[in-house]
Amino acid sequence: MRKKLKIYLPFVNAGMQETATYRTNWVFWQLGNILGCFISYFLWRAIFVSSENGSMNGFTMPQMIVYIFLMFLTTTLINSGGTYDIGEEIRDGSISMRLIKPISYNATFLFQELGNKIMTVCVLIIPLVAGVEFVRYRFTGEVQFHILMFLLYFLSAIFAYLINFFFNICFGFIAFVIKYLWGANMMKNCIVGFLSGQIIPLAFLPEMAKKVFLILPFASLNYTPVMIYMGMYTGTKMLMYIGLQMFWVLFFWGLSKLLWSVAIKHLSVQGG
Amino acid sequence: MKQIKRMMRMHRIFVTQELKRMLEYKANFVVGVIAFLLGQITNILFIWIIFSQIPNLMGWNINQIVFIYGFSLIPKGIDHLFFDNLWMIGHFYVSRGEFDKYLTRPVNTLFHVLVERLQIDALGELIMGISLICVSIPKVSIKWSLQKGVLTIVAIIFATFIYTGIKIGTAAIAFWTKKSGNITYMFYMVNDFAKYPVTIYNNTVRGVITYIIPFAFTAFYPASYILTNANPLYNVGMTVVISIVLMTIGIIIWNMGIRAYESAGS
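Protein chains in written order, with the numbering used here: chain A, 1 to 272; chain B, 1 to 266.
No lab work stands behind these hints: they were computed from the structure.
One or more hints might be untrue.
Here are a few chain B residues that face chain A, going by a calculated C-beta distance under 8 angstroms [stated by the list, open to error]:
1. F14
2. Q17
3. N28
4. L57
5. D192
6. P232
7. Y234
Chain A side only, calculated, beta carbon under 10 angstroms to chain B, not exhaustive [to be verified]:
8. N25
9. A46
10. V49
11. Y105
12. N106
13. Y180
14. N189
Positions of the beta carbon are idealized from the N, C-alpha and C atoms, including for glycine.
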């Protein structure tokens with residue numbers, strides 16, 4: 001175990017340094033995303049003003065604000081770049097450099113990403129959680145922050161990250177088929193964004209669609225952690241959804257192993 | 001005149017080159033168009049689901065919202081189709097040292113960058129924008145006149161150059177910082193505000209998207225003139241003025257940047 005850790009720690013370090021090098025670019029990227037949150041906020045404010053009742057599908061206005069910003073935080077936390085990186089490496093041939101080393105291909109990615117994740121968590125999590133709690137305090141007049149809830153949210157977000165990580169690796173193998181990764185990735189992001197509740201809470205969808213979407217792996221990505229934080233999933237319901245998350249982690253982990261063993265046989269590296 | 005003729009001829013050559021490339025990679029073309037189409041479809045689903053639960057959005061009905069949204073995609077799509085290469089400057093070309101090639105050719109650098117690529121993905125946005133306008137037009141009762149027809153075309157052309165101007169200015173920042181793609185991205189996120197009526201925002205946001213980063217003139221203001229006939233001098237006239245101002249600023253920053261540029265390549 002210790003030996004393993006020693007092998008992979010430099011990758012964590014590399015990930016951190018990578019983020020730090022392009023920090024101005026990173027800051028503008030996140031500023032852009034936060035602006036996006038404010039668009040959602042104003043849009044939802046207008047929607048609630050126009051609606052006759054104070055609550056829509058179980059969401060009140062303050063809850064909607066909390067939802068928007070937690071959704072952004074969770075999306076950033078669980079974001080994984082596997083699709084793009086693997087695809088690029090297959091295309092430019094640098095994948096061969098990883099293959100000749102006696103280390104796990106997936107693990108190097110995981111640890112490298114862990115590095116820039118640490119940076120993200122440090123910068124974003126405190127202001128966003130504080131902001132969300134401030135909104136809740138202003139509307140209800142009491143502090144609603146529960147450390148237990150927060151820890152459960154964090155646990156659920158870790159599972160969500162793992163699902164996303166292995167799902168993206170599976171998707172990355174599409175590079176063998178589709179050469180236009182940027183387009184394929186964008187297509188995936190649109191579908192996942194909608195099915196995981198980034199655009200609209202799944203509670204707003206028609207009954208049938210909602211039932212199906214909640215079982216699909218995409219709801220396990222952002223929706224489950226956010227619902228746990230907001231206290232909308234509690235007790236057995238919460239355990240059930242965390243169980244579902246664990247199932248999807250195992251599923252995509254297995255699938256990525258399978259695809260890897262198939263794909264590696266067909267890999268022909270051009271140059272590099 | 002001779003200069004313009006030469007530029008037109010070069011533009012044609014570059015476009016032919018791009019079309020050849022597109023035919024070579026047909027699958028890319030399909031994937032790209034579908035990707036951008038999907039992005040818009042999910043947003044339309046959002047609007048549709050919301051309107052199934054509220055009668056109107058602060059006085060705007062679904063048809064008007066869909067019309068404004070559709071209109072916003074037209075200038076955005078045209079700019080995306082013709083001038084997408086500017087993104088590459090801020091994201092890759094300068095930081096990888098690939099920009100040097102533009103400096104070695106006997107053409108204006110900005111012109112070369114602009115005409116070099118044709119981004120067919122943009123058809124996804126254009127198809128969606130035109131469909132939304134076609135679907136909503138019969139339901140919003142617009143009174144057409146020759147004047148309105150002309151002003152609509154003027155508005156679309158100049159609105160396109162609002163995007164291009166902002167992209168030129170922000171891409172040129174890379175000549176100093178090596179990477180500026182995400183600055184362009186940040187400005188682009190502001191543009192999402194403009195897809196909806198500015199009247200739903202508070203005064204601060206309204207002020208920002210009207211006067212500071214004036215994306216509201218790419219969609220809401222011209223579209224509201226088409227819908228309501230109100231104040232063409234402001235709604236379309238300001239689009240023209242702002243477009244010219246932003247293009248001028250963009251080109252000035254670009255030329256300053258070219259002088260300050262130092263290659264990152266080896």
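Are P232(B) and chain A close enough, Cβ to Cβ, to be under 8 angstroms, as the hint says?
-> violated, 26 angstroms
Identify whether the interface hint at L57(B) stands, where standing means a beta carbon of chain A within less than 8 angstroms of its own.
-> Where the cut-off is 8 angstroms and the nearest Cβ of chain A is about 5 angstroms from L57(B), the hint holds.
Any CB of chain A closer than 8 angstroms to the CB of Y234(B)?
-> Given a least distance of 23 angstroms, the restraint on Y234(B) is violated.
Restraint outcome when N189(A) is required to lie within 10 angstroms of chain B by C-beta distance = holds, 8 angstroms
Can the hint on Q17(B) be confirmed by a CB-to-CB distance to chain A that is less than 8 angstroms?
-> Since chain A brings no Cβ nearer than about 18 angstroms to Q17(B), farther than 8 angstroms, the hint is violated.
Cut-off 10 angstroms, beta-carbon criterion: hint that V49(A) touches chain B = The hint holds - V49(A) has a Cβ within 10 angstroms of chain B, the shortest such distance being about 6 angstroms.
Can A46(A) be said to touch chain B, with a Cβ gap under 10 angstroms?
-> holds, 4 angstroms
Using Cβ atoms only, decide whether Y180(A) comes closer than 10 angstroms to chain B, and label the hint accordingly.
-> At 4 angstroms from the nearest chain B Cβ, Y180(A) passes the 10 angstroms test, so the hint holds.
Do the numbers back the hint for N25(A), that is, is its least Cβ distance to chain B under 10 angstroms?
-> holds, 5 angstroms
Residue hint D192(B), partner chain A, criterion CB-CB below 8 angstroms | holds, 5 angstroms
Return the status of the interface hint for F14(B): holds when the least beta-carbon distance to chain A is below 8 angstroms, violated otherwise.
-> violated, 21 angstroms
Cut-off 8 angstroms, beta-carbon criterion: hint that N28(B) touches chain A | holds, 4 angstroms
Comparing the model with each earlier hint shows violations of hints 1, 2, 6, 7, 11 and 12; every other hint is respected.
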